[in-house]
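Participant: Listed here are the chains, written in short residue letters.
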Amino acid sequence: MTQKPILSAKNIKKELGKGAGRVLALRGVDMTLNPGELTLLMGPSGSGKTTLLSILGCILAPTKGTIKIAGQETGGLNPEDLAELRRAHIGYIFQSYNLFPTLNALENVRIALDVIGQKGYPAAQRAEEVLHDVGLGHRLKNFPSNLSGGEQQRVAVARAIASSPEIVLADEPTAALDSENGHAVMALLAKIAKEQKRSVLAVTHDPRTLGYADRVVRIEDGQIIGEERRPDGLDAPEIADLTKRRKANG
Amino acid sequence: MILTLAFRNLFHDRIRLAVTLVGILFSIVLVAVQLGLYLGSSRMITAMIDRANGELWITTYGAKSFEDGGMLLTQAERHQALATPGVKAVIPLVVRFQEWRKPSGGSTRVVVVGADQEDGGLAPWALVEGTWQDIKAPDAIAVDRSYLDELDISGIGSTAQIGLGRVRVRAMTDGIRSFTRSPYVFTPLSRARKLIGADSTRTTFFLVQLNPNANAETVRTELRNRLGSAEVLTKQEFHDRSLVQWLFRTGAGVALIGGELLGILVGTVIVAQTLYSSTKDHLNEFATLRALGSSSGYIHKVILAQAGLSAVVGYLLGMLISLGVLLLSKSSPLPLVMTPGLAAALFALTVGMCAISAVSAIIKVTKIDPATVFSR
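Going down the list, the protein sequences come from chains A and B.
Residues in the first sequence are numbered from 1 upward in steps of one, following my numbering.
Residues in the second sequence are numbered from 1 upward in steps of one, following my numbering.
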């Protein structure tokens, strides 16, 4: 890859807890995210995957190390500056979807746009557009309680990509989904990476997701223990095919 | 979207919303009633002073209110006042408590107000039956129709006795009520003196009217120099002194203000408690917003919008009930008063109360760690 990374992290260390309960969750991690790539961060429970994701997404501050996002170093930024950085460059997908139960699908996406200052009709139009893109054009007015797990996760994906961030970070995006919905969501993430040239990083320990990855980074005990590129990762036509098959299955 | 989210958060839990609204409503009604009583009392206390047509009041030394003048001023003071540069007229007023003998037995106290219409000083301003000419008839008086029962009379033509003199009701007013609960009885000056058994030269107050170009302060200073045994007050001073006397020295106003503060306190605590628990319930959503990159200001706006919506709904319901209470109080001895200014002040107070209530919720949300979104 010759592309310039959108995110680079160097020698990231993170201590959690205090005193006797102090744990070194990350022990000097280096990582880069490139546009157009779906990267999987895999590792067993407690390996530091989510901690690293939180740090890369400017939600947690590292104890040591430097992070550069779109050319900007995050060290020394205050919480409001970090929030601004997230608004400008990062979209999040959470394991439990974290949708607003009192807002319908369209409003759940619109609120992410509202946060970045996109309001009114253009925001509504954009929200509708991304919900169509993730296959939920017919569920715009449904509240999360009336959506299946897979549909909720797709709303979360739409929310994450609505503002067209360069980086999409997903925390166990398939953990709460059945096999079919898990594949659908991964296909969607791969499509976003490929077609929209986004950097997608998904934390997972779900082996079903491997087929969609361009790159797999393995982490254990707070250290990167391996990284492999997957030239056989699905390309866009195959993803489209998979999506069609899923739709055909109902 | 801020308003949408605030609205949905608020209306999501209907029972909690009902508790919030009841809290605000209770607070509004309590404060509206107390302020309405305060305003009604204030107007009642100062109505005679405010309606009197004169810039300065000459009173006996230490007169605390309209009903507290005594009968100590004489013609000598009047002549001295009339001789003061800038004075156009000096109008005598007689005001004194006297016993009212009821036609069917027993007695009550009334405040006899003696003034002559032709002087242009003070006249019953809300005559609904009869005229000043009728009041000039022998033994004639005017009373307020709201006191008919208390005075044990039926209306025009009824007779009674004040002090040693027989009187006949020839005119009636509507809405001239007395804070002392002793009804005002209007009658010409000379008859008032007879009814209270006073010397024909004695007076309670002199109402001073000034020439158009006279400086009130200069005239007052001159009058003070000339009238050593009397006090000279501006209309506003006498107004304020009467309020202080009846509302604060008697403790009535303190009780009303105490009630208002209690209402505000109860409302604030209930709204604060509800907003805090609502915020706590929606903490994960606020953390999600933060993770999505919202500024803390955006989240504060959601909470403040919730507080604002509570304030508006609570205020409207509270005002509806308050207006009902207001209507019911119309015929009571102490009617409540609601003015556009008071309604606006109450709205500002409600919004302020809800905004203060939001502080605890904002403090809670300020400490939110967006990383909690990963621990759900």
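Just to be clear, a hint being listed does not mean it is correct.
Listed below are the simulated PhoX-like cross-link pairs for lysine-lysine, each with C-alpha atoms no more than 25 Å apart in a straight line [what the hints assert, rightly or not]:
(1) B/301 with A/119
(2) A/18 with B/330
(3) B/64 with B/280
(4) B/367 with A/64
(5) A/18 with B/301
(6) A/68 with A/119
(7) A/68 with A/13
Everything labelled a hint here was simulated from the structure, so no lab data went into it.
The structure displayed is predicted, hence computed values, not measured ones.
Participant: If a hint holds in the structure, say so; if it doesn't, say that too.
Facilitator: Hint check:
1. B/301 with A/119: Between residue 301 of chain B and residue 119 of chain A the Cα gap is close to 16 Å, so the pair holds against 25 Å.
2. A/18 with B/330: Roughly 68 Å separates the two Cα atoms, so the pair is violated.
3. B/64 with B/280: violated (55 Å)
4. B/367 with A/64: Cα-Cα ~23 Å, so holds.
5. A/18 with B/301: Violated. Residue 18 of chain A to residue 301 of chain B sits at ~34 Å, over the 25 Å cutoff.
6. A/68 with A/119: Violated. Residue 68 of chain A to residue 119 of chain A sits at ~29 Å, over the 25 Å cutoff.
7. A/68 with A/13: Given that 25 Å is the threshold and the Cα spacing comes to 15 Å, the pair holds.
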